[in-house]
Amino acid sequence: MIEPKRVLRALAEHWALIEPLCERFDQGTLSLVELRQHVARQQLESTPQDITQLLDVWIRLDILVPVAKSPNRFELNAQIHDFLAYLRREHRLGLCLEIEAYLRHLERLAGHIQDAFDNRDSDDLARQLRLLDMRVRDVLKKLDNDEQALVAVAERAKTSNRQIPLRQRYAEVLATWDEYVEPMIQLVNADGAFEQGVRKVETVLLKLLGEQARLGHLVDDDMLLRTHARILEMQTSAQLTLRHARELLLPLREEARRHNAVTRGAALALSVIRRKGIDAVPQAAMPMFTRPQSTFLGSASQVEAYVYALARFEPKPARFPKAHKTQSGDLPRAPRTVKEMAERCEQALPLPDLMAWLLEQEPEGATDELLYWFSRLSREKRFKRERLERREYTTQEHLVSLRSFALTSSREDATSAPTEPNASPAHAS
Numbered sequence: 001m002i003e004p005k006r007v008l009r010a011l012a013e014h015w016a017l018i019e020p021l022c023e024r025f026d027q028g029t030l031s032l033v034e035l036r037q038h039v040a041r042q043q044l045e046s047t048p049q050d051i052t053q054l055l056d057v058w059i060r061l062d063i064l065v066p067v068a069k070s071p072n073r074f075e076l077n078a079q080i081h082d083f084l085a086y087l088r089r090e091h092r093l094g095l096c097l098e099i100e101a102y103l104r105h106l107e108r109l110a111g112h113i114q115d116a117f118d119n120r121d122s123d124d125l126a127r128q129l130r131l132l133d134m135r136v137r138d139v140l141k142k143l144d145n146d147e148q149a150l151v152a153v154a155e156r157a158k159t160s161n162r163q164i165p166l167r168q169r170y171a172e173v174l175a176t177w178d179e180y181v182e183p184m185i186q187l188v189n190a191d192g193a194f195e196q197g198v199r200k201v202e203t204v205l206l207k208l209l210g211e212q213a214r215l216g217h218l219v220d221d222d223m224l225l226r227t228h229a230r231i232l233e234m235q236t237s238a239q240l241t242l243r244h245a246r247e248l249l250l251p252l253r254e255e256a257r258r259h260n261a262v263t264r265g266a267a268l269a270l271s272v273i274r275r276k277g278i279d280a281v282p283q284a285a286m287p288m289f290t291r292p293q294s295t296f297l298g299s300a301s302q303v304e305a306y307v308y309a310l311a312r313f314e315p316k317p318a319r320f321p322k323a324h325k326t327q328s329g330d331l332p333r334a335p336r337t338v339k340e341m342a343e344r345c346e347q348a349l350p351l352p353d354l355m356a357w358l359l360e361q362e363p364e365g366a367t368d369e370l371l372y373w374f375s376r377l378s379r380e381k382r383f384k385r386e387r388l389e390r391r392e393y394t395t396q397e398h399l400v401s402l403r404s405f406a407l408t409s410s411r412e413d414a415t416s417a418p419t420e421p422n423a424s425p426a427h428a429s
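Counted from 1, the sequence shown has number 388 at position 388 by the working numbering; the numbering is strictly sequential.
No wet-lab data here; the hints were simulated from the structure. Treat the hints with care, as some may be off.
What the hints assert, rightly or not - Using C-beta positions, here's what the derived DEER-type ranges look like: (1) Ser31 / Asp62: 17 to 27 Å; (2) Asp82 / Thr159: 17 to 27 Å; (3) Leu44 / Ser271: 54 to 64 Å.
Claimed, not checked - In the DSBU-like style, the derived pairs of lysine-lysine whose C-alpha atoms are separated by at most 30 Å in a straight line are: (4) Lys5 / Lys141; (5) Lys207 / Lys141; (6) Lys141 / Lys200; (7) Lys141 / Lys158; (8) Lys339 / Lys381; (9) Lys158 / Lys142; (10) Lys207 / Lys142; (11) Lys200 / Lys142; (12) Lys5 / Lys142.
Just so it is clear, CB atoms sit at the ideal spot from N, CA and C, and this is done for glycine as well.
Please model the complete structure; the sequences and the hints are all you need to start from.
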């Protein structure tokens with residue numbers, strides 16, 4: 001047996017050299033030459049004899065162990081590696097089958113607890129309860145480690161190189177979903193092995209509490225209550241871990257799946273377009289417009305709020321415009337053609353103020369429409385115009401300031417002075 005103090009002292013003394021080796025050993029084993037090169041890069045002043053002496057110390061303390069059938073290659077001791085990963089807050093995702101194996105062992109321990117109580121063996125009963133409590137703590141530790149590892153998987157996918165294809169960037173996410181999250185969903189279902197195992201152990205403990213009160217105490221009730229509380233904590237922790245995993249990985253997985261569907265559809269559509277033209281692309285060749293169904297595991301409060309909103313739902317009343325009748329005394333609707341408008345203006349000649357006449361004809365007309373008719377009629381050749389002083393006119397929407405025209409017929413006074421040639425257009429503000 002190696003003295004733990006010497007191993008811990010060596011780790012503390014050579015931490016600056018051992019910590020970078022952890023990442024190297026994650027990728028595989030290292031030869032003796034590679035180890036010497038690594039130490040030489042970290043300690044530039046060390047001689048070859050010092051490096052050899054340091055590696056000998058690590059090998060004697062089992063920090064470095066030789067690889068089977070390759071004595072010249074070394075790897076980090078598995079226990080030392082796990083210890084260093086814990087110190088460096090590294091988490092490695094385990095297997096869902098490990099949790100299932102723990103559950104099977106918990107069921108066997110529950111059977112042993114029942115047998116020990118039936119035999120009235122207090123020592124064996126206390127020992128089996130301690131083992132049960134230890135195994136439950138192991139499951140809690142594994143669930144916490146798996147949750148941290150899932151967070152690391154999502155972070156690596158989000159921060160990886162964006163120049164590589166999305167399928168390659170999210171390869172670890174897709175593998176984690178298929179190998180861990182999906183089996184975990186089946187395990188933690190209401191009729192899954194996890195719930196069934198927890199229910200069996202919980203039934204034995206609760207029955208044991210009742211029987212002890214009736215037949216007499218073999219162990220302290222506090223031990224049973226603590227173990228029962230820890231089992232309930234394990235059940236809650238498993239559900240929270242699964243929910244956190246879905247919230248982290250499901251959006252990334254759906255993003256990768258949508259990207260693959262778009263890529264395949266675009267490639268197929270482009271190939272058809274190159275050969276036959278864009279009109280030959282069938283709708284079935286473009287699955288990019290389909291949306292894969294996604295599920296979301298909401299919290300209890302969200303579900304309650306959603307159901308409450310459905311129960312209290314009241315449709316908003318639809319507001320329709322009120323029907324109104326056109327009174328017979330209303331002014332006639334303004335003509336929509338230049339010919340009709342010019343004829344109406346000619347019938348009303350002489351006009352002392354063109355803009356005032358337009359406002360009388362269309363009091364609710366839009367400002368831009370009134371200005372259009374003002375510009376169009378003032379340029380009509382059949383009318384003789386005379387510029388007026390600037391004044392303000394109020395439309396339904398604006399206050400317009402311009403110099404209007406007085407219109408007369410050009411046929412009545414052919415000998416009169418001609419109108420202003422090339423009159424400047426009206427200025428409106």
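Status of each hint after checking the structure:
Taking the beta carbon of each, Ser31 and Asp62 are about 19 Å apart, inside 17 to 27 Å as hinted. Roughly 25 Å separates the CB atoms of Asp82 and Thr159, a value that falls within the hinted 17 to 27 Å. Taking the beta carbon of each, Leu44 and Ser271 are about 59 Å apart, inside 54 to 64 Å as hinted. As the CA atoms of Lys5 and Lys141 are separated by approximately 26 Å, the hinted pair is consistent with the 30 Å bound.
Distance hint between Lys207 and Lys141 is fulfilled; the C-alpha atoms sit about 27 Å from each other, no more than 30 Å. Our distance criterion of 30 Å between C-alpha atoms is met by Lys141 and Lys200, whose separation comes to about 21 Å. As the CA atoms of Lys141 and Lys158 are separated by approximately 26 Å, the hinted pair is consistent with the 30 Å bound. For the given pair, Lys339 sits about 13 Å from Lys381 by alpha-carbon distance, which is consistent with the 30 Å threshold.
With a CA separation close to 24 Å, the supplied pair Lys158 and Lys142 stays within the 30 Å bound. For the given pair, Lys207 sits about 28 Å from Lys142 by alpha-carbon distance, which is consistent with the 30 Å threshold. Restraint check for Lys200 and Lys142: satisfied, since their Cα atoms lie roughly 21 Å apart, inside the 30 Å limit. A distance of roughly 27 Å separates the Cα atoms of Lys5 and Lys142; the hinted pair therefore holds under the 30 Å criterion.
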